[in-house]
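Colleague: The primary structure of each chain is shown beneath.
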Amino acid sequence: ETGVTQSPTHLIKTRGQQVTLRCSSQSGHNTVSWYQQALGQGPQFIFQYYREEENGRGNFPPRFSGLQFPNYSSELNVNALELDDSALYLCASSGWTDSYEQYFGPGTRLTVT
Amino acid sequence: GQQVMQIPQYQHVQEGEDFTTYCNSSTTLSNIQWYKQRPGGHPVFLIQLVKSGEVKKQKRLTFQFGEAKKNSSLHITATQTTDVGTYFCAGSPPSGTYKYIFGTGTRLKVLA
Numbered sequence: 001e002t003g004v005t006q007s008p009t010h011l012i013k014t015r016g017q018q019v020t021l022r023c024s025s026q027s028g029h030n031t032v033s034w035y036q037q038a039l040g041q042g043p044q045f046i047f048q049y050y051r052e053e054e055n056g057r058g059n060f061p062p063r064f065s066g067l068q069f070p071n072y073s074s075e076l077n078v079n080a081l082e083l084d085d086s087a088l089y090l091c092a093s094s095g096w097t098d099s100y101e102q103y104f105g106p107g108t109r110l111t112v113t
Numbered sequence: 001g002q003q004v005m006q007i008p009q010y011q012h013v014q015e016g017e018d019f020t021t022y023c024n025s026s027t028t029l030s031n032i033q034w035y036k037q038r039p040g041g042h043p044v045f046l047i048q049l050v051k052s053g054e055v056k057k058q059k060r061l062t063f064q065f066g067e068a069k070k071n072s073s074l075h076i077t078a079t080q081t082t083d084v085g086t087y088f089c090a091g092s093p094p095s096g097t098y099k100y101i102f103g104t105g106t107r108l109k110v111l112a
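In order, the protein sequences belong to chains A and B. Everything in the first sequence is counted per our numbering, starting at 1 for the first residue and increasing by one. Everything in the second sequence is counted per our numbering, starting at 1 for the first residue and increasing by one.
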């Protein structure tokens with residue numbers, strides 16, 4: 001058990017709607033990364049937050065946005081949902097050290113209909 | 001952009017046989033990590049390699065980082081049914097942002 005929690009576990013939304021996913025980092029970790037994992041594929045990096053600032057972004061459109069709070073928990077917001085947004089969304093927390101181990105949460109399974 | 005490929009995509013082995021997955025990046029990496037994801041689960045960190053030519057062992061698992069820091073391998077000796085899952089490598093470019101690009105994964109099935 002990593003100590004990283006995500007909510008909700010599952011979510012069904014309609015195309016065009018907006019969604020907010022939440023992540024609580026492992027205690028002591030100040031960095032969180034969000035990934036999108038489509039079925040049968042590897043996780044795709046969305047963005048990373050370090051001390052409440054975005055610290056890198058993957059090839060995702062601006063309708064994917066995020067926040068990190070002072071307690072290092074984080075949110076992923078997706079606007080104008082598309083069918084292709086259906087995936088497992090994973091957050092991973094880590095400490096900013098030489099050994100950059102990422103501890104993943106259980107994920108949120110998003111289905112867009 | 002940077003791409004990370006893994007081969008093979010799938011591997012079925014008899015319990016007790018060895019298994020190897022290979023990871024190749026289109027660009028030089030700062031470091032590489034390996035993860036294991038069980039069916040229905042989330043990726044679990046196995047190890048990080050940083051130095052050119054580095055070799056690390058964890059019990060039956062041996063990890064290597066290539067001299068050019070563009071490829072890596074994971075070798076499992078005498079597989080067990082508990083080794084079932086998908087193994088991903090994840091590479092970070094030398095840009096300092098720790099933006100990890102995951103490989104395509106190798107799905108391992110172990111037949112008892």
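In short, the hints are calculated from the structure, not lab data. Treat the numbers as computed from the prediction; the structure is a model and nothing was measured. By construction, the Cβ of each residue, glycine as well, lies at the ideal position given by its N, Cα and C atoms. Some hints could be false.
[As the list claims (entries may be wrong)] Using C-beta positions, here's what the derived DEER-type ranges look like:
id : chain 1 : residue 1 : chain 2 : residue 2 : range
1  : A       : Pro62     : B       : Glu17     : 25 to 31 Å
2  : B       : Ser95     : A       : Gly95     : 17 to 23 Å
3  : B       : Val55     : A       : Glu82     : 33 to 39 Å
4  : B       : Gly53     : A       : Thr111    : 42 to 48 Å
5  : B       : Val13     : A       : Ser27     : 36 to 42 Å
6  : B       : Ser30     : A       : Asn30     : 16 to 22 Å
7  : A       : Asn71     : B       : Lys109    : 20 to 26 Å
8  : A       : Asp84     : B       : Gln3      : 28 to 34 Å
[Claimed, not checked] Partner residues aside, some chain B positions facing chain A, computed with beta carbon under 8 Å:
id : residue
9  : Tyr10
10 : His12
11 : Gln14
12 : Gly16
Colleague: Take the hints in turn and mark each one as holding or not.
Modeller: Here is how each hint holds up against the structure:
The supplied range of 25 to 31 Å is broken by Pro62 of chain A and Glu17 of chain B, whose beta-carbon atoms lie about 48 Å from each other. Separation of Ser95 of chain B from Gly95 of chain A is about 20 Å and conforms to the stated range, judged on CB atoms against 17 to 23 Å. For Val55 of chain B and Glu82 of chain A, the hinted distance range of 33 to 39 Å is not satisfied, since their beta carbons lie about 44 Å from each other. For the hinted restraint 42 to 48 Å between Gly53 of chain B and Thr111 of chain A, the CB-CB distance of approximately 45 Å keeps it satisfied.
Checked against the given bound of 36 to 42 Å, the beta carbons of Val13 of chain B and Ser27 of chain A, roughly 39 Å apart, stay inside it. A beta carbon spacing of about 20 Å between Ser30 of chain B and Asn30 of chain A agrees with the range 16 to 22 Å that was offered as a hint. Between Asn71 of chain A and Lys109 of chain B the beta carbon distance is about 41 Å. The supplied range of 20 to 26 Å is therefore violated. As the Cβ distance of Asp84 of chain A to Gln3 of chain B is approximately 20 Å, the hint placing it in 28 to 34 Å is violated.
The interface hint given for Tyr10 of chain B is broken, as the beta carbon of that residue sits about 11 Å from the closest beta carbon of chain A, more than 8 Å. Because the closest C-beta pair between His12 of chain B and chain A is about 16 Å apart, greater than 8 Å, the hint is violated. The beta carbon of Gln14 of chain B comes no nearer than 24 Å to any beta carbon in chain A, farther than 8 Å, and the hint placing it at the interface is violated. About 28 Å separates the beta-carbon of Gly16 of chain B from the nearest beta-carbon of chain A, more than 8 Å, and the hint is not met.
Comparing the model with each numbered hint stated earlier shows that hints 1, 3, 7, 8, 9, 10, 11, 12 do not hold.
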